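Trainee: The lines below spell out each chain.
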Amino acid sequence: MGRQFQAVCKTLERHHHQASQLIPILQAVQGEYSYLPQDVLNYVASALDVPAARVFGVATFYAHFALEAKGKYVVRTCDGTACHVKQSIPILEAVRKKLGLSETVKTTPNLLFTVETVACLGACGLAPVMVVNDEVYGQMTPAAAVQVIEEIQAKELAAAQGAVIAGGVQ
Amino acid sequence: MISQEATVVGPRRPSVSARRVIVCAGTGCVANGAYKVFDAFRAQLQAAGIDVAVELQGEGKFSFALDREKLHDQPPAPSPAATGILAVTKSGCQGFCQMGPLVTVLPDGILYNKVRPGDVEEIIRCTLQNHQTVERLLYVDPATGTHCHGTATIPFYERQQRFVLKECGTIDPESLAEYISTGGYTAARKAFVEMTPEQIVQEVAASGLRGRGGGGFPTGRKWEAARVQKNDQKYVICNADEGDPGAFMNRSVMEGNPHSVLEGLIIAARAIGATETLVYVRTEYPLAVKRMRQAVTDATAAGLLGKNVFGSGAALHCEVMEGAGAFVCGEETAMIASIEGQRGMPRPKPPFPAQSGLWGKPTIINNVETLAHVVRVIRDGAANFRKLGTPGSPGTKTFALTGHVANTGLIEVPFGTTLGEVVMNIGGGVTNDAGARTGECFKAVQIGGPSGGCLTEAHLGLSLDFDSLRGVGAMIGSGGLVVVNKQTCMVAMARFFMEFTQRESCGKCVLCREGTKQMLALLDDVIEGRATADTLQLLEHLAKAVQIGSLCGLGKTAPNPVLSALRHFRHEYDAHVLHKCCPAGRCKALAKPEIDPTKCRGCTLCARKCAVNAISGEKKKPHRIDPEKCIKCGVCHEVCKFDAVMGFGN
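Chains as they are written, first to last, in the working numbering: chain A, 1 to 170; chain B, 171 to 820.
It should be emphasised that the hints constitute simulated quantities derived from the structure, not laboratory data.
Fair warning: this is a prediction, and the values are worked out from it, not measured in the lab.
Hints are not guaranteed to be accurate.
What the hints assert, rightly or not - To spell it out: a stretch of chain A is covered by chain B in this simulated footprint if at least three of its residues, at any positions, have a beta carbon under 8 angstroms from a beta carbon of chain B; those stretches are:
#, stretch
1, 19 to 32
2, 57 to 69
3, 79 to 85
4, 117 to 124
Claimed, not checked - Have a look at the derived ranges for each label pair, beta carbon to beta carbon:
#, chain 1, residue 1, chain 2, residue 2, range
5, A, A158, B, A485, 54 to 64 angstroms
6, A, A158, B, A213, 43 to 53 angstroms
7, A, A158, B, G804, 52 to 62 angstroms
8, B, P456, A, A143, 23 to 33 angstroms
9, B, R740, A, Q18, 51 to 61 angstroms
10, B, A217, A, E151, 21 to 31 angstroms
11, B, A217, A, R54, 57 to 67 angstroms
12, B, D796, A, E135, 41 to 51 angstroms
13, B, E798, A, R54, 35 to 45 angstroms
14, A, E151, B, A313, 31 to 41 angstroms
15, A, Q153, B, V782, 29 to 39 angstroms
16, B, A217, A, S20, 47 to 57 angstroms
17, A, E135, B, Q403, 37 to 47 angstroms
18, A, A158, B, G631, 57 to 67 angstroms
For each residue, glycine too, the CB sits at the ideal point set by N, CA and C.
Bound conformation, chain B alone (with noise of 0.2 angstroms):
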């Protein structure tokens, strides 16, 4: 019955006891030169006459064996065949993207970081070749100064729980064979051949799966009103529009283990009864829907998706679409629009899109992140993965860690991890401006973008989940956290997320048209000095309304940033509006530039580069600037060299 199976098992993996080294291929590491490291390894190696099988998995794959007659030409090298072959591979993003290029040695357990090309001779000769490792380029935990050899005594590993991202950075993301030699593709299988779709829904209900794109809501609920709709056609949509700034879990899922949503994908078609899947990826991300594509070209041609899927006589088709530019795509009514070939712009609701979405038909949409976990669900069960997380919100989470922390990077963490964990733990504490950790520059963390709100100090010990941040005035959203130092103006943090979503509001809905407007020029009039008591009331008086009167989750959400900051920062606002003054000093109109005269040398290059000549004093003597000309443009500050100039965030 399921005879398919045959042409896909059998993984072309080095066997365990050879070494492999693990070039990390994702986005971060490749722009911090991945690739030129990947090159010296081959080279290197290639010169050395060492025994070797290259794999290049990032831009189109190929395998070479070095030619065999000239190495007879040669002495035999002292070489790790020993082992039998090493293989040097590239993988999808592991996560801790600040430290790349990444290199793994693996069975060794060896992690490298920030390798250079000039590192690699160092690397071969020591590690691959005398089983040493090169001290200089581990990762130093700034916490205690010592050396980590590997993932599992690296801090910023060691205290996440990773499912989703297990394989993300261990298996070759364009290999099918890889990633059905992990456990692949079973649980699918399972679903089709084991299990009726009401098993399927049921199952995925009793795990209490919500859904990882922002809402929410619960996956078995949205799966179980789609499978009871009576009809010839339905479908099943991957969101992965991903448009959240800030926020790179589903880029570096899909980049790292694309068939791990194909086959989530595969499953819910099964649950609901579709014959036609969709990925809708963002266009930013030409890697993910370079590696999405090939994963359905891989499932296709293995039987797991087309006619016959796993022999079972079902029919079922999946397509990667990708979006143009518009975040509110990400919205589900939305996105079906901009499938069908129109303006992406939201509808009402109900129907909902399970009883009437793309074409008409019942459809669900479901998140990257969403889908890769029901892969787990089905696998292992219902009652397995609710082993970790809360009772509320069973699971585990991916969080885009960025902004000013010392580790920055993907990670993975059970629901109900403390917010505090997070930031300092994994995260390595809070940095300033100059990327120092001194221990008192916490100021906020922003979490769920432009949807979402600030947390402070106080809420360093909350539990992340669903429940406990909603009551905060907060939400998980995607899972992007932004933590922000005390240089930071949080005016000026809400006014850049309602730029985002003023531009972003489709036009709709009149409140949120002109309403995030307006709430931006009132944010503009706190920011630039003109507003005046009544400005703050107006704001929040707006906001609500904004709430209220719009359609879809943009508008209703794109207050969120402001009220968060009002009701948490309130002095910061306070201190804008009534004493004209931004306490971070990042508020160029307000700032009160001055010279230091105890740093000033005289040099005069600020009195010379100054537009308005607001700067006099005498060669080689503190000068001073003229509060009545000065026009507050920053030259002064940008262009000397001593740090005189106050009254710009410093």
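Chain A extracted, bound-state conformation (with noise of 0.2 angstroms):
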């Protein structure tokens, strides 16, 4: 087995290896891989005594959880109704159109950009509203949101070639 579950113990043994403890363990969990490896959800419902079965319901049940690798920067466009009446959606999909992406494709093959919704991130009055990781970005347009998208294009691209360089001089 290649992976090593140091951090999912420790996890477990700060909730008490108890099955109530589940949400909470798998946040921890999800905290530490930035999503839920399946193997990584076997190993839970062995060290808690619990049907895999009832672990995977509960990773499947809540929208927080993730079973697939997210991107570097997760962008996510609200839809809540305020910011869906002030067209949300034609943002979502300018930003979706720029990296390829589509409902069912959610991150960039090169696992630098996820794109998702959410229902509603309480920040109605800047709406149309977008996140990338935690930076808000409120009163958003289509072009703006490329524009962000742009700029950290522009931002890793540079660090890849600077790393090049900087392995060039070595």
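Using the hints, put the two standalone chains together into the complex.
Mentor: The structure is reproduced here in structure tokens:
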């Protein structure tokens, strides 16, 4: 088995191996890996002595849990009511188009971007809202959203080139 | 007996005469750059050598005084030091989110809005050093064009009556001492030291307080049901799983004044005899989670929670749990299942949670705002609480006012305030898609989110309270008020909510799981032009079946937006079904795109962008769209620089 389970073990210990603490445990695991890998779910199930189906059932029930790896930048457009009536869908469509993503393909192949919607971020006064990781962008337009993506892409490209140049100097 | 109190009194607040600069650090203002403004204040005051105590109340907290030795080398600055120490602080959400970042200067009472880091120098020079107001940063009342100096004269604030939100925006949410300095925890102390559980429940029942989470169930009755249970273990849960899209009242209260929620929770626990409490917070609200956790830690250290609450010998513990993103968990029994580590699925009632709830023990679940109101009921008495509001719905209610309205934000008004007062006066009127107030673009208000309904122009005189709203087929819900203008399609709006409830249905009841899916498909038929004369009848029939055949509130109320839109905007549905036309021009499938020859300059851009070559025409002459070839994708409308492509809501 390739994966190290030390972090998971610590989490399980902190929650006294109690099955009732399954949701906080999975939240901590996701905090560690950024998603819930299947072998970790199986490990949690046996450690808590509950059927894997129960753990899998909880992991798939809640929107917060992800079963697939996400990109370095998670772009979430808010589709709460206030954002929706202020035209949040064109923003989502513009971002998806820019990154070649769709409703089913949510993460770019280079694992740089994941695009998803969120039901409401509670920043309705700034509708429509887009969030990149923890950074909130208010009163967005499709063009402004694409610009945010382009800026991140430029930053990443510069960092990658910088790494190549640094490697060359060495 | 109450020796622990000594450790929590003695506020460390700057004296009243001292000046304070408060930068709003609610989620809205932070997104607009409040932290940068705060940093600019800190850096520039430091550079100017002004004696200042800076408290960062958003992320982490620290205080520093300037290096006094360095100051001796500099000529004495013309500083406001004459008034003592100047404090620059951050606060919780002040409600006027769209005008952020907000900067308040006390005791002058000046409120600056949309402050940029570049404005800080002028504020320091004019206001802090020379007692002048920077006119250009004041709020301008769009109705009269006058500059409003402070919250007292801005219509948005002037017409509100803030109790739950009173301290949000003026105190440091992470300081227990500041909360206590405003009279905080006196109600909890009274409940523990001077009152019996019976008296507490009686007082709450006499106040007529009704649950603010949506249902409007009398809080006193809920508590009494749990109080009379004979059990050594009881629980109180604070429902902070504010999942209703378009509502953020609870987030603001937890971020702006977390101790008021905790105090309500302590009173509730005392009333029913619980020793364990839990706050279930939505995971989408990281700052609220952080501040509630901080409040619990501080309250425990001060003896307000723990093994010996207020020195009474009674134990009381509190835990903060994050939700995991399921709307249905706002339902009491689903929330209990979630806390027990299960999928958040509701179960039939009775038994009610007050009889058999978490781990089979008597449990009460109260909304964040309800608990904050409890504090006032106990501190000021039921009679005082009843002075505001209506006899059936006493007290005040917070609303999240959003959508197409000039002033969006968080408000608090007494029950019985009319819808028109809220939308037209506090909200400052309805705006069109371009953001302009034209005075005639009001269409509807969606109240109560996915469980509520819409209100029309005819309801502008309607009193906002639990009973009158139920009378017109809507509900107050948790308090989301989304204003929509004439450019919004009501069928698409109903579809939006249907898609939400369909996605959030837990799947337990067939009629909720499958019925919402079929209702969504029928609405798609209407929007995409496939509907026939039978579609609407079938939709109504199915909606009623879903209401009857669902176990919990989610399913029972899921058809409300559709039914209420059918009731008030039947003509819009008919236009979609019978005339295959969307009056608001929003439904793309029903669009009839054409080019306005008076606007078209013949730039050929649309013809080049059209994926199906449906647009033809000579250069510099008006183009035309071939309706046979057109797939109504809307690209021509998007790219046209002259707004010449008609039929897409323009």
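Trainee: Now look at each hint and say whether the structure bears it out.
Mentor: Status of each hint after checking the structure:
Coverage of the stretch 19 to 32 of chain A by chain B holds in this model, with 8 residues showing a Cβ closer than 8 angstroms to a Cβ of that chain against a need of three. Check result for the stretch 57 to 69 of chain A against chain B: holds, 7 residues qualifying (beta carbon to beta carbon below 8 angstroms, three or more required). Under the rule that three or more residues need a Cβ within less than 8 angstroms of chain B, the assignment of the stretch 79 to 85 of chain A holds, with 6 such residues. Proximity of the stretch 117 to 124 of chain A to chain B, defined as three or more residues with a beta carbon under 8 angstroms from a beta carbon of that chain, is established by the 7 residues found.
Checking the proposed 54 to 64 angstroms range against A158 (chain A) and A485 (chain B) shows it holds: the Cβ atoms sit about 57 angstroms from each other. The hinted window of 43 to 53 angstroms between A158 (chain A) and A213 (chain B) is violated, with their beta carbons roughly 27 angstroms apart. With their beta carbons about 35 angstroms apart, A158 (chain A) and G804 (chain B) fall outside the hinted range of 52 to 62 angstroms. Between P456 (chain B) and A143 (chain A) the Cβ separation comes to about 29 angstroms, which falls inside the hinted range of 23 to 33 angstroms.
Here the CB-CB span from R740 (chain B) to Q18 (chain A) is close to 54 angstroms, well matched to the stated 51 to 61 angstroms. A hinted range of 21 to 31 angstroms holds for the C-beta pair A217 (chain B) and E151 (chain A), which are about 30 angstroms apart. Checking the proposed 57 to 67 angstroms range against A217 (chain B) and R54 (chain A) shows it holds: the Cβ atoms sit about 60 angstroms from each other. The given range of 41 to 51 angstroms is respected by D796 (chain B) and E135 (chain A), whose C-beta atoms sit roughly 45 angstroms from each other.
For the pair E798 (chain B) and R54 (chain A), the beta carbons lie near 56 angstroms from each other, so the given range of 35 to 45 angstroms is not met. As the Cβ distance of E151 (chain A) to A313 (chain B) is approximately 39 angstroms, the hint placing it in 31 to 41 angstroms holds. Taking the beta carbon of each, Q153 (chain A) and V782 (chain B) are about 31 angstroms apart, inside 29 to 39 angstroms as hinted. As the Cβ distance of A217 (chain B) to S20 (chain A) is approximately 54 angstroms, the hint placing it in 47 to 57 angstroms holds.
In this structure the supplied range 37 to 47 angstroms holds for E135 (chain A) paired with Q403 (chain B), their Cβ-Cβ distance being about 44 angstroms. Range check, A158 (chain A) to G631 (chain B): about 59 angstroms between beta-carbon atoms, so the 57 to 67 angstroms window is met.
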